[in-house]
Amino acid sequence: MSNEHQEAHSRTHAPEPTPTSPVAAQHQADDIDAFNRELSRLEAQHGPLLNNTARDTIRQDQSARLSDLHARFDIDTSSRARQLSLGMKMASLFGALALAASAFYLFYRVWGLLDPWMQVVMLVSASLGMVAGTFWLHHSTRSPYYTQLAALVAFACFVLNLNMLGQVFNITPSDSAFVAWAALAFLMAYTFNLRSLQAMGIMCVVAFIAARCGTWAGMHWLYAGARPENLFPAAAVLLALPACIQHKQYPSFPPIYRIFGLLTLFIPVLILANWGTGSYLLHVDRALIEGSYQIMGFAGTALAVYFGIRYRLNDVVNTAATLFVLFLYTKFFDWWWDWLPKYLFFLIIGLSAIVILKVLMRLKNRPTWRREKTA
Amino acid sequence: MNRTKLAVVSCLVLVIICNIVALLRVYNNRSGEPLAQLLLTERELARPHFSDTAENTSLALRLDVHFSPQDGYYRDPPADSWFDENKLLELGFEVRDAKGNYWDNGRYWRYPRKAAWLVLEMDGKAHADNVAIIREQLAEAKAQDDAKSIKEIESTLRRQLQWSSRLYAIDAGLEPDALRATYPDRNRFAIVRGSVRMTAYGDKFTGLEIMGEVVDIDIDTINVPKHFRHLFKDLQRRPHQDHPTPRYEVSLSYGAYAEPWITAVTLQPDP
Numbered sequence: 555m556s557n558e559h560q561e562a563h564s565r566t567h568a569p570e571p572t573p574t575s576p577v578a579a580q581h582q583a584d585d586i587d588a589f590n591r592e593l594s595r596l597e598a599q600h601g602p603l604l605n606n607t608a609r610d611t612i613r614q615d616q617s618a619r620l621s622d623l624h625a626r627f628d629i630d631t632s633s634r635a636r637q638l639s640l641g642m643k644m645a646s647l648f649g650a651l652a653l654a655a656s657a658f659y660l661f662y663r664v665w666g667l668l669d670p671w672m673q674v675v676m677l678v679s680a681s682l683g684m685v686a687g688t689f690w691l692h693h694s695t696r697s698p699y700y701t702q703l704a705a706l707v708a709f710a711c712f713v714l715n716l717n718m719l720g721q722v723f724n725i726t727p728s729d730s731a732f733v734a735w736a737a738l739a740f741l742m743a744y745t746f747n748l749r750s751l752q753a754m755g756i757m758c759v760v761a762f763i764a765a766r767c768g769t770w771a772g773m774h775w776l777y778a779g780a781r782p783e784n785l786f787p788a789a790a791v792l793l794a795l796p797a798c799i800q801h802k803q804y805p806s807f808p809p810i811y812r813i814f815g816l817l818t819l820f821i822p823v824l825i826l827a828n829w830g831t832g833s834y835l836l837h838v839d840r841a842l843i844e845g846s847y848q849i850m851g852f853a854g855t856a857l858a859v860y861f862g863i864r865y866r867l868n869d870v871v872n873t874a875a876t877l878f879v880l881f882l883y884t885k886f887f888d889w890w891w892d893w894l895p896k897y898l899f900f901l902i903i904g905l906s907a908i909v910i911l912k913v914l915m916r917l918k919n920r921p922t923w924r925r926e927k928t929a
Numbered sequence: 007m008n009r010t011k012l013a014v015v016s017c018l019v020l021v022i023i024c025n026i027v028a029l030l031r032v033y034n035n036r037s038g039e040p041l042a043q044l045l046l047t048e049r050e051l052a053r054p055h056f057s058d059t060a061e062n063t064s065l066a067l068r069l070d071v072h073f074s075p076q077d078g079y080y081r082d083p084p085a086d087s088w089f090d091e092n093k094l095l096e097l098g099f100e101v102r103d104a105k106g107n108y109w110d111n112g113r114y115w116r117y118p119r120k121a122a123w124l125v126l127e128m129d130g131k132a133h134a135d136n137v138a139i140i141r142e143q144l145a146e147a148k149a150q151d152d153a154k155s156i157k158e159i160e161s162t163l164r165r166q167l168q169w170s171s172r173l174y175a176i177d178a179g180l181e182p183d184a185l186r187a188t189y190p191d192r193n194r195f196a197i198v199r200g201s202v203r204m205t206a207y208g209d210k211f212t213g214l215e216i217m218g219e220v221v222d223i224d225i226d227t228i229n230v231p232k233h234f235r236h237l238f239k240d241l242q243r244r245p246h247q248d249h250p251t252p253r254y255e256v257s258l259s260y261g262a263y264a265e266p267w268i269t270a271v272t273l274q275p276d277p
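Protein sequence lines, in the order shown, are assigned to chains A and B. Throughout, my numbering is defined as the position within the first sequence, counted from one, plus 554. Throughout, my numbering is defined as the position within the second sequence, counted from one, plus 6.
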């Protein structure tokens with residue numbers, strides 16, 4: 555079961571009588587599938603449990619509901635359909651990347667042959683056309699895959715639009731462009747329930763906040779990355795957002811905010827744990843900076859794993875556990891790579907992975923947590 | 007209006023407003039009298055090496071600026087460089103802190119680049135001083151009869167006189183109006199946005215000298231408008247030594263937002 559379904563399942567709630575979102579609709583379809591599989595298993599063990607009338611009634615009701623849900627939300631009504639869904643999502647994503655690259659190279663190929671006003675018309679038309687096309691496609695096909703593809707291409711066209719205007723008219727690069735791009739990405743993400751656009755919007759917001767923090771600290775915004783700590787405010791925003799704003803109609807969005815929040819927080823910590831020179835703490839010894847960030851990295855990721863398990867947030871557990879392992883292996887590399895025989899080094903890496911697996915399994919099978927899961 | 011219709015209208019309005027804002031900026035930048043108008047040649051505005059490809063039909067010229075007097079060949083920075091500690095303090099760098107931390111394996115470079123306004127001088131004192139210093143070095147080499155050095159310095163001098171850019175960064179500040187008041191000649195000085203950083207010369211035996219360094223200017227690639235492009239069509243890219251003089255002149259204007267645009271291109275006759 556995918557993460558967003560676990561997110562919805564993990565809280566005790568009454569199922570929606572009439573689903574209003576694709577996720578809720580998929581939830582209902584999964585419930586029907588689970589019910590049928592469990593009934594088959596019980597009947598195989600104990601013999602027929604339902605009379606023909608009840609069986610026919612249930613079957614007719616399920617068939618009608620699945621047809622309705624499929625027509626309205628294009629959901630997966632079988633395990634085969636679910637397997638194909640993942641492939642379709644990947645195809646949609648790659649298709650969007652390829653089409654965006656095509657639009658980019660098309661413009662570069664023809665723009666030298668056009669007058670400036672025609673270049674402007676072409677850029678603006680591409681953005682407006684793709685945005686309008688995305689809405690039309692969503693309305694006419696109701697397929698999330700085509701919608702995702704069109705929305706990503708629309709976003710790419712808008713990025714190209716502002717970028718190319720800057721090149722044509724020699725406009726000074728500005729971090730304000732990230733705000734515009736983020737606004738379009740989030741508008742489309744929340745309209746069509748698209749996590750890929752949400753991710754694009756998040757990256758733009760992170761870039762803008764980091765650039766502004768760098769500017770306020772007296773740096774040129776283009777070089778704000780020279781101080782990884784500029785990313786911490788953005789991380790705080792991303793981690794606070796799902797806690798402060800309810801996403802009832804978008805249950806798959808909070809995990810994305812949390813994942814990006816953790817990455818935005820701990821990747822700078824990892825960098826500073828190995829490169830203290832990049833810190834704002836100019837008057838502190840570099841070794842002390844690196845040591846402190848290493849401790850912060852280990853303790854922070856371990857704490858995140860704990861909170862993820864405590865509050866049943868699989869996305870937090872998985873992300874934090876991965877980051878913890880990254881910190882650990884970076885430390886192993888620092889300590890042993892130069893002097894330990896390579897076979898021994900990788901043996902230790904492998905053994906530590908087994909230890910981590912054991913620890914996580916123990917945490918997962920804790921009686922308290924299992925009781926909460928079945929509640 | 008339902009939610010989806012509101013969303014589509016919002017997206018379309020967002021795209022339109024962003025484009026209007028960008029185009030208004032261009033209009034405001036180019037309206038009124040330019041803040042600077044420089045007459046540059048192929049020496050200062052050359053085509054980048056890999057600009058002509060089948061995939062990119064545009065043409066852009068690259069602004070070549072000397073960020074320090076010794077650009078192009080190795081030489082110690084001059085003792086009277088304009089980008090000294092006082093200028094660094096004026097720009098907000100923590101000079102005292104850098105000095106105190108030098109011995110920690112080059113910590114001075116922890117200080118990231120700052121945005122600043124730069125003064126570019128075209129064919130002025132900076133270029134003349136640079137040429138004069140090279141001539142002095144040539145005279146010294148001739149006095150010592152150092153054939154290898156003479157050959158190198160002569161080549162450097164020829165490059166400086168014929169092909170090297172005559173555009174130099176000569177000052178920096180946080181307020182463009184103050185810089186314009188100091189350098190009022192709009193045909194010789196342009197005030198542009200760029201980035202600067204703190205750097206250091208010396209070692210623990212000779213002593214440490216903290217200085218500033220211009221890193222780059224924000225807009226160093228200038229798009230050539232379509233109606234000038236035909237002038238470049240027949241100009242083949244040739245090594246400098248194959249052509250003794252620049253082949254074209256470009257009039258470059260800087261507007262209210264210090265953003266440049268090309269106003270005229272003139273081909274120079276072959277010598």
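Hint data in this document are derived by calculation from the structure and do not stem from the laboratory. Misleading hints may appear alongside valid ones.
Here are the computed lysine-lysine pairs in the DSBU-like style, where the Cα-Cα straight-line distance is at most 30 Å [what the hints assert, rightly or not]: (1) Lys154/B x Lys93/B; (2) Lys11/B x Lys643/A; (3) Lys912/A x Lys802/A; (4) Lys93/B x Lys802/A; (5) Lys131/B x Lys157/B; (6) Lys643/A x Lys802/A.
Between Lys131/B and Lys157/B, does the CA-CA distance stay at or below 30 Å?
26 Å, holds
Given the hinted pair Lys93/B and Lys802/A, is their Cα-Cα distance within 30 Å?
56 Å, violated
For a C-alpha distance cap of 30 Å, please report whether Lys912/A and Lys802/A respect it.
35 Å, violated
Between Lys154/B and Lys93/B, is the straight-line Cα distance small enough, at 30 Å or below?
38 Å, violated
Decide if the proposed pair is consistent with the structure: Lys11/B and Lys643/A, CA atoms, cutoff 30 Å inclusive.
26 Å, holds
Can the restraint linking Lys643/A and Lys802/A be considered satisfied, given a maximum Cα separation of 30 Å?
OK: Lys643/A and Lys802/A at ~23 Å, within 30 Å.
Figure legend: structure checked against the earlier numbered hints; hints not met, in rising order: 1, 3 and 4.
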